[in-house]
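Protein chains in written order, with the numbering used here: chain E, 1310 to 1754; chain V, 1310 to 1754; chain F, 1310 to 1754; chain U, 8 to 88; chain X, 8 to 88; chain L, 8 to 88.
A couple of the hints might just be wrong.
Heads up, simulated DSS-like pairs for lysine-lysine below, C-alpha to C-alpha not over 27 Å straight-line [said to hold, decoys possible]:
(1) Lys1576/E x Lys1692/E
(2) Lys1685/E x Lys40/U
(3) Lys1421/V x Lys1588/E
(4) Lys1391/V x Lys1754/E
(5) Lys1421/E x Lys1588/F
(6) Lys48/U x Lys1582/E
(7) Lys1570/F x Lys1692/F
Not the full set, but computed from the structure, chain L residues with beta-carbon under 7 Å of chain V [unchecked claim]:
(8) Ile14
(9) Ala43
(10) Tyr49
If you are wondering where the hints come from, they were derived from the structure by calculation, not from laboratory data. Glycine included, each C-beta is placed from N, C-alpha and C at the ideal position.
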Amino acid sequence: MKIKQFFLSILFTLVTMSSISLATEETKVHHETQQEQNSQKEPYKSKTLSQLASSFWETTGINAILDTHDGEMTSDPAGEAKEHVMGAFESSLGRIIMIGIVFLLFYLAIAKGFEPLLLLPIAFGGLLANIPLAHMAGPEGMLGVIYNMGIANEFFPLLIFMGVGAMTDFGPLLANPKTALLGGAAQFGIFGSLVGAVALGFDLQDASAISIIGGADGPTSIFIANRLAPDMLGAIAVAAYSYMALVPVIQPPIMRALTTKEERQIKMGVQRKVHRLEKLFFPIVVLMLSILILPESTPLIGAFSFGNFAKESGVIDRLSDTMQNSLINIVTIFLGLGVGSKLAADKFLVLESLGIMIIGLIAFGAGTAAGVLMAKIMNKFSKEPINPLIGAAGVSAVPMAARVVSKVGAEERPGNVLLMHAMGPNVAGVIGSAVAAGVLLSIFK
Amino acid sequence: MKIKQFFLSILFTLVTMSSISLATEETKVHHETQQEQNSQKEPYKSKTLSQLASSFWETTGINAILDTHDGEMTSDPAGEAKEHVMGAFESSLGRIIMIGIVFLLFYLAIAKGFEPLLLLPIAFGGLLANIPLAHMAGPEGMLGVIYNMGIANEFFPLLIFMGVGAMTDFGPLLANPKTALLGGAAQFGIFGSLVGAVALGFDLQDASAISIIGGADGPTSIFIANRLAPDMLGAIAVAAYSYMALVPVIQPPIMRALTTKEERQIKMGVQRKVHRLEKLFFPIVVLMLSILILPESTPLIGAFSFGNFAKESGVIDRLSDTMQNSLINIVTIFLGLGVGSKLAADKFLVLESLGIMIIGLIAFGAGTAAGVLMAKIMNKFSKEPINPLIGAAGVSAVPMAARVVSKVGAEERPGNVLLMHAMGPNVAGVIGSAVAAGVLLSIFK
Amino acid sequence: MKIKQFFLSILFTLVTMSSISLATEETKVHHETQQEQNSQKEPYKSKTLSQLASSFWETTGINAILDTHDGEMTSDPAGEAKEHVMGAFESSLGRIIMIGIVFLLFYLAIAKGFEPLLLLPIAFGGLLANIPLAHMAGPEGMLGVIYNMGIANEFFPLLIFMGVGAMTDFGPLLANPKTALLGGAAQFGIFGSLVGAVALGFDLQDASAISIIGGADGPTSIFIANRLAPDMLGAIAVAAYSYMALVPVIQPPIMRALTTKEERQIKMGVQRKVHRLEKLFFPIVVLMLSILILPESTPLIGAFSFGNFAKESGVIDRLSDTMQNSLINIVTIFLGLGVGSKLAADKFLVLESLGIMIIGLIAFGAGTAAGVLMAKIMNKFSKEPINPLIGAAGVSAVPMAARVVSKVGAEERPGNVLLMHAMGPNVAGVIGSAVAAGVLLSIFK
Amino acid sequence: MTEVNYIVEALKFMVLGMGVVFLFLIVLVQLIKLQASLIQKYFPEKTPITPTMPKIGDDIEEEQRRVAAIIAAISEYSKNK
Amino acid sequence: MTEVNYIVEALKFMVLGMGVVFLFLIVLVQLIKLQASLIQKYFPEKTPITPTMPKIGDDIEEEQRRVAAIIAAISEYSKNK
Amino acid sequence: MTEVNYIVEALKFMVLGMGVVFLFLIVLVQLIKLQASLIQKYFPEKTPITPTMPKIGDDIEEEQRRVAAIIAAISEYSKNK
Ligand code: NA
Ligand code: NA
Ligand code: NA
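Assemble the whole structure, with the sequences as input and the hints as a guide.
Right, here's the structure in full:
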């Protein structure tokens, strides 16, 4: 106890002295610092303890937050050209708000289990990006290094897509191919929200980047945001993963509102067995089709197909396992931290972010509704019964959306397992989103 | 069914309209696109649906392949300086031929099991590299990013070599060191084919790069090709891995032609037990010798020795395991895709590739023959009997060549297990190829 | 036998001829080589076999070491600006001495088990860096590529710290928080040796970089050395890891000298159970405190906290596992090799290195002593008994130092297990070193 | 120079986009069906193509699976005793 | 322009440095104690928060542990027979 | 300025290259033999050097091997019953 008090008193004396001397010396100290930067390693000038403590005080986070006119610069992975002197809000309250948002994301990821694999690293990256003076999101900071390594060039989202491809089983889609159309209808979420975003005042290109949130695919959203609206990357990624995490909350009410109890109780037949060669050829077929119809989507679909082909080939299991495990894990850590660098107050706390959040929610709802309605129509015209609930899985958000469908279906009629039937539209939704993304890219090329 | 027809009719109308308007509008559209590129985000000009569809048609792969004079550029990881406007052949038929070749490689890798770990990723990379308009092999495309990350600087082949080193057991070589000379004789494949390549009209430097195929070592071939003839990297890598894959087909006839039945039935004694310290010191001895005799080979031998030393030290097993598993797997995926970027039609479909394939085959055969003949001579002069078959393993192609030797030996005399005896020349062949590579590098330095 | 003699005679003839012709031709050959470099791929000039052998002799390592005036350049990852023509010592004897030092490190790592996970890769990197003519530490060599990829930008040390964070259990510290002060006292090693280094003639900035060795934390040392004195990075890293490895040798005598037998026999109570939420919040609390007090330390503490938070969150175990295994292993391999590049004779064999080694040893001893003395004082004033031995663990060197404490304690009083009690100061030492590092960075900012 | 109504433009994008998405998926569905029937015809289920090469890395997993199976069997056995 | 005595400077650094290190750790100790008491108060041990989401990747390890446990039990059993 | 016969040049490369390869391997063979005899002399088989440090990461594999061994033993046992 006594030791503690002893040291505390010393420290507090130092700090107090420095605070007093601060008012008079600040300008001078500032001036000296600048001079020192001009010529590296100039002869060291002796400082009194009080001057040292004062200099130290200048480098504390407390001072950086309290003194809003200290000329601190923002950070950007692209370097000085995209940095500016921080405003009072960005330097103080903005940071505190962002740290609050980060804590909210921590809470959602840990206590609620909402997509923790990406929300948690993104949020932690956001925390690091809002640290004063450390410039961790700058070109020489850890987050900036990561960003330039794999996000600015879209490498990490593609590697994630490759890993997801290696994890995906297209069997259910191949067994009942026409359910792919449900994965198409759900892309109405994208284009509907594009109209909405334009109505809110975003220009066409920004609106397109935002609307991909409706595709419910993290890597696709990041890929497109990076191409069409890199400044909004953080908000778009956070919105995309947040809403994907909220699938069990957002989707069921919409599903129930648009279907009758009888429809929700429809039982679907047993799926046929799929030949190994069908699974093997499928990624190649999808890729060839993308090549012919829209090459703009081939980075995404190519990476996805490669992962899936590697798995289905059965001859390079050690590579396929690596894609599904150590590689995708490493990239997920980096992608999260790198995207988090865009949660710096100066980038995230702009009016656009609010718009992005609203549009993202609408997009999600619209996509779900379109999928369900399409499934209702198909059920009318199809010989085999189709439970309209599976249309909701068309938004992708693999495999969460399919699980939600199965859960709602089982609630209506215990023992009715829709999971495999929902996986078809679910994986088709991934392809559908990539195609929609390719169309938007081709427009703005 | 009816829904499908409905949508199809809409789409076909769009496509038809666009095709009609194409003839008249093409020049104008082109002109506009260029203008748009000049000033980013200029005020968006309204387009009719037909104009939109027409623009979209311009970005389809079908149009890119059919319209051979659309001014499409080739892609190169090094950027614009090495790119050119595509010729008619490169833009259409060339691509289709390359995709055919890629499918052939898929078939060999999957159905025939020929070196799938590298042939499959290379082939997929080749498929991606031949996609029109996507520029995946350009400096900002996925393949180009990979290429610049680890192939242009020879980092990935060295990491592979490190992993292979960590997987290699030099025990059989240490137990019977004179079999190392067989790994030397088989390098005649390299130098014999060097003469052949020059005779075919390649200049000395290109011929040297090609001849390393005879070393039957993928990473060594890629390393040397990158230094001496980077334009032919794709063809050299494909030839190297293809012939390594064809070892069970190419070698046995040569082995049988050059040996008598009695020779093939020779039994070899039991190998002595090797002390742990011998294995520990061996990689250091090899590296020190390379340092003294030819430092040019030390990147390859150094990486290889590091991997082997890490394993034999026994104190950093977690690192050695990583080299043998997650690290080499990740790098193999990237190396394959990156090398595949050189399978773009404009790079691969040149007369040289045919020459490379022919010379590679000759080199392989010559190396095998030289190894077997050397073993016959050694058997004459040696006290202990040496089965000449094990000379064929000197080409390296670890461990396939040693297995083939063992199989042929067992066919001639059931119960005669030559595997361990063949592993000596087999691993010596790896060192021999690296030395030969170092000599060629030192000549052209 | 005869074959061997045959080939040897040929080779020796070649070499002898070349040696003879060497005296007369050397200047000319040299001149030609330069010309060739000027214009790539000029028409090849025929060479006689003897000329070829002579050229080859020029590229051997033997010649490079014997001929000390061949104009060989040193290598640096930063490229030509930091390279110079080698002096006679650097080119010959220096290399041999460094290879001797490398072998000593191999011996310590393998036979003595001293921190092999980093000493062995560092030593191997040092071996590769001292190879003549290969320029493996240059910007295009393997070591240089690694250095620029993750050491010049401090990325690798931070990733290691992240992994260490994911491996660390703060339970013992949370159970008995006041032991954290011991981790503070031990940082006297840093600041005491700072004074010592200045007394030895180092300037303040270099002295600060060196003194961090006293923090007994490899990644922290590398991080700070890279910022404050990149030229001494190799010596500092080697000193840091060597002394960490020597903990079981250096610490016990100091511990015994400063304590009485009674003190060493003190038993400490059972630790209370720590709530899961305490562990979850702890990394965030530490990080928030760093943000407020010294943002300069946040790259280190941020990476460490992220790893720990990822582990304690319990919802992203697959990422946390990757941090603790494949990712940290890959980075350890690279970090070791990259740091090893600074063991090139021209960088390491300077008088400063000797000073660094001496100061490092002093720092270690001073830190241990300060920790033990602080623990004695705390034991005097505390209600619960504190065994002064656990103060020695405050230097960090996790978990070796804590194990040494436990071992010494058990020797004095069999059955007295101090391990968990020593882990508190041990992990606090990591934080303390990062804070001390932040203070030094803030002074020289 | 009339002003552009961006909402109308966005609606046009929607028509194009949904059109291409459906076109893509409809063609894909047809190709899947075609492929299924071709495979059914030329490679009936009884002769699945199997890779001819031993797969490195699989041994371990194979082993684990075998181990798990054995254990399951044994524990089943123990229960029934 | 008097010459700077660098050793004195280094001693000043020591005072500042050790001061900040102790300040940091003392505040940290207080925060740890505060946090412990708050958690004890609001989240008494009986209701630990558990993650609500199934964890991908854990299944395998769980499986391995289970397998190991079974084996241990069986081998124990065999020994005792 | 006579024209260079490149094939002759290539043949010279072959002589140099094969010569160096054999020189390298012959010296290597001699060193291996020398090393073997030295090790046999100073470190006879009975005292192999073993690492003194426990290896992190090995525990798991060790465990797996042990498990596999136990299982093998058990299944062997079951068969023989
Ligand atoms: Na989607
Ligand atoms: Na070879
Ligand atoms: Na420390």
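Hints, verified against the model:
For the proposed pair Lys1576/E and Lys1692/E, the alpha carbon gap of about 13 Å is at most 27 Å, so the pair holds. A threshold of 27 Å between alpha carbons decides the hint, and for Lys1685/E with Lys40/U the separation of about 23 Å falls inside it, so the pair holds. Between Lys1421/V and Lys1588/E, the direct Cα distance comes to roughly 18 Å. Compliance with the 27 Å bound is thereby established for this hinted pair. Restraint check for Lys1391/V and Lys1754/E: the C-alpha separation of about 23 Å stays at or below 27 Å, so the hint holds.
Proximity of Lys1421/E to Lys1588/F is assessed by CA-CA distance (about 18 Å); at most 27 Å being required, the pair is judged to hold. With a CA separation close to 15 Å, the supplied pair Lys48/U and Lys1582/E stays within the 27 Å bound. Restraint check: the Cα-Cα separation between Lys1570/F and Lys1692/F comes to about 20 Å, which is no more than 27 Å; the hinted pair holds. With a cut of 7 Å, the hint placing Ile14/L at the interface with chain V holds, because the nearest CB-to-CB distance is about 5 Å.
Residue-level restraint check for Ala43/L holds (minimum Cβ-Cβ distance to chain V is 6 Å; threshold 7 Å). Interface restraint check: Tyr49/L against chain V, minimum CB-CB distance 9 Å, threshold 7 Å, status violated.
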